[in-house]
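Colleague: Read off the chains here:
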Amino acid sequence: MYDGGKIIPGLIIFVLFITFPIWYNRGNAGTVPQPELPKKYKQCVLPDADMRAEHMQLLNRWRDQVLRDGDWGFDVKIGDMKYQKSLMNTCMQCHTSKKKFCDRCHTYASVKPYCWDCHVAPVE
Amino acid sequence: MDTKRRNFLKIAGATTLAGLGGPAVVERLVSGTSPAQARAAHGEHPASPGAKTHSAASGHEEKNAPTGRRLGMVVDLRKLRKQPELMEKIVHACHAEHNVPHFPNKKDEIKWIWRTEFDKAFAEHSDYYKDRMTKAGDVLVFCNHCDEPPCVKACPTRATFKTKDGIVAMDYHRCIGCRFCMAACPYGSRSFNWRDPRAGLDMNHINRHFPTRMRGVVEKCNFCAERVGLGKPPKCVEVCGSTRAMIFGDLNDPDSEIRKVLRDNFTIQRKPSAGTHPSVFYIV
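Protein chains in written order, with the numbering used here: chain R, 1 to 124; chain S, 1 to 284.
If you're looking for bench data, these hints aren't it; they were derived computationally from the structure. Virtual Cβ for every residue (Gly too), placed ideally from N, Cα, C. One or more of the hints may lead you astray.
[Claimed, not checked] For the chain S half of the interface with chain R, some residues (derived, Cβ under 10 angstroms), not all of them:
#  : residue
1  : Asn99
2  : Ala169
3  : Met170
4  : Asp196
5  : Pro197
6  : Asn204
7  : Asn207
8  : Thr212
9  : Met214
10 : Arg215
11 : Arg227
[Stated by the list, open to error] Below are the DSS-like pairs computed for lysine-lysine, each with C-alpha atoms no more than 25 angstroms apart in a straight line:
#  : chain 1 : residue 1 : chain 2 : residue 2
12 : R       : Lys77     : S       : Lys232
13 : S       : Lys232    : R       : Lys82
14 : S       : Lys120    : S       : Lys135
[To be verified] Just the calculated beta-carbon pair ranges, DEER-fashion:
#  : chain 1 : residue 1 : chain 2 : residue 2 : range
15 : S       : Lys164    : R       : Asp80     : 26 to 36 angstroms
16 : R       : Pro33     : S       : Phe103    : 37 to 47 angstroms
17 : S       : Glu85     : R       : Met81     : 41 to 51 angstroms
18 : S       : Asp264    : R       : Asp50     : 52 to 62 angstroms
19 : S       : Thr243    : R       : Asp75     : 33 to 43 angstroms
20 : R       : Asn28     : S       : Lys232    : 51 to 61 angstroms
21 : R       : Gln93     : S       : Lys232    : 12 to 22 angstroms
22 : S       : Lys82     : R       : Asp50     : 50 to 60 angstroms
23 : S       : Phe103    : R       : Arg68     : 25 to 35 angstroms
24 : S       : Asp255    : R       : Arg68     : 22 to 32 angstroms
25 : R       : Phe74     : S       : Glu257    : 24 to 34 angstroms
26 : S       : Asp253    : R       : Asp80     : 28 to 38 angstroms
27 : S       : Ala183    : R       : Asp48     : 42 to 52 angstroms
28 : S       : Asp253    : R       : Val32     : 52 to 62 angstroms
I would like the entire structure built from these sequences, with the hints used as guidance.
Modeller: Written out as structure tokens, the structure reads:
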């Protein structure tokens, strides 16, 4: 190989440079987002893990049930309490801060849900 | 093979007849009715409650007993004309309740319920030699929540649809802003959000229990589905209160108050010839 002495170290430097983010952050997942949970209430509509994984499907299901099937009533049960299927009138009544709850994970995961184009976030 | 032309034509003719007529015969045998009977019975098809219930609107209420609810409204213009301030109050209350933005520019205007002149509301009615009240007083108009809503047929995404209560509702999540529904609606009941509606709202004084809309969707009166769903009357009816200038109820229930009012008063509808069967009736 002509000029092997230059090409091979060059390639090694190039690969190291390209993979810089991988080896520099090795073994470090970054700061995990810490959404602030409501202090007064301990139980959500579904168990925590399910809420974390499926809250978007749940919200879509609620939307269809309320708008399409006219299911406006208070039929979501948490313990003895009954709630309406509503983002603004149920979820955000306990999770009173969009910035400290929704946004922390959404920003971390770089997802931009369009909920708040129409729905009104709580006053903070 | 030695097929004669005569035989060939016979076979070809028989095959064509069987091909054209066969399915029709089979269909009739399977369904057990003739096409004419099937069409006559369509009006009371139990599979589509509300979708084909022309009870009060088309006048054969006894024949086609409709199933399901069909919410409707009677607007008593005799009472409203005497109190224009009540009309103003109704418009204001509805728009405040539903976070309807206010834009002074006519093109950007969003309206769910509004006042208009008699000739514009009832374009089909003769208006030669109008009486004093008709000339001076406005008419309160809003979505007619038609039994045969042309907007629902026009919507390519089913963002607008009829609920089981007969409300012509909108799912703003699905609206793509094509405005076909606006072209289809004969009453101009729909408004398009050309601008961000939040720019036309005082965001510190909005109703925080009801969403706003976003730029690029069509909006209109929802018959207060969110209130009716909880057993409350629509906001406009609530504002009328004891004046009973607007009466709300189930048109399919012969014992309801609205049906009693319809029995006792002569009412008219907007553009009946459009065949939309509005659920809103006016006492003039």
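Colleague: Could you run down the list of hints and mark each one as holding or not?
Modeller: Status of the hints after comparison with the structure:
1. Asn99: With Cβ-Cβ at 8 angstroms, under 10 angstroms, it holds.
2. Ala169: holds, 6 angstroms
3. Met170: Since the shortest Cβ distance to chain R is 8 angstroms, the answer is holds.
4. Asp196: holds, 9 angstroms
5. Pro197: This interface hint holds because 9 angstroms falls under the 10 angstroms limit.
6. Asn204: At 9 angstroms from the nearest chain R Cβ, Asn204/S passes the 10 angstroms test, so the hint holds.
7. Asn207: holds, 8 angstroms
8. Thr212: holds, 6 angstroms
9. Met214: Result: holds, 4 angstroms to nearest chain R Cβ.
10. Arg215: holds, 8 angstroms
11. Arg227: holds, 9 angstroms
12. Lys77/R with Lys232/S: Satisfied, since the Cα-Cα distance of roughly 22 angstroms is no more than 25 angstroms.
13. Lys232/S with Lys82/R: Holds, at about 18 angstroms.
14. Lys120/S with Lys135/S: Holds: Lys120/S and Lys135/S sit about 12 angstroms apart, inside 25 angstroms.
15. Lys164/S with Asp80/R: 26 to 36 angstroms: holds, 30 angstroms
16. Pro33/R with Phe103/S: 37 to 47 angstroms: Holds, at about 39 angstroms.
17. Glu85/S with Met81/R: 41 to 51 angstroms: With Cβ atoms ~42 angstroms apart, the hint holds.
18. Asp264/S with Asp50/R: 52 to 62 angstroms: holds, 55 angstroms
19. Thr243/S with Asp75/R: 33 to 43 angstroms: holds, 35 angstroms
20. Asn28/R with Lys232/S: 51 to 61 angstroms: holds, 54 angstroms
21. Gln93/R with Lys232/S: 12 to 22 angstroms: holds, 19 angstroms
22. Lys82/S with Asp50/R: 50 to 60 angstroms: holds, 58 angstroms
23. Phe103/S with Arg68/R: 25 to 35 angstroms: holds, 30 angstroms
24. Asp255/S with Arg68/R: 22 to 32 angstroms: holds, 29 angstroms
25. Phe74/R with Glu257/S: 24 to 34 angstroms: holds, 26 angstroms
26. Asp253/S with Asp80/R: 28 to 38 angstroms: Because 35 angstroms falls inside the window, the suggested range holds.
27. Ala183/S with Asp48/R: 42 to 52 angstroms: Because 48 angstroms falls inside the window, the suggested range holds.
28. Asp253/S with Val32/R: 52 to 62 angstroms: Between Asp253/S and Val32/R, where Cβ atoms are some 57 angstroms apart, the hint holds.
Every hint, counting from the list given before, is met by this structure.
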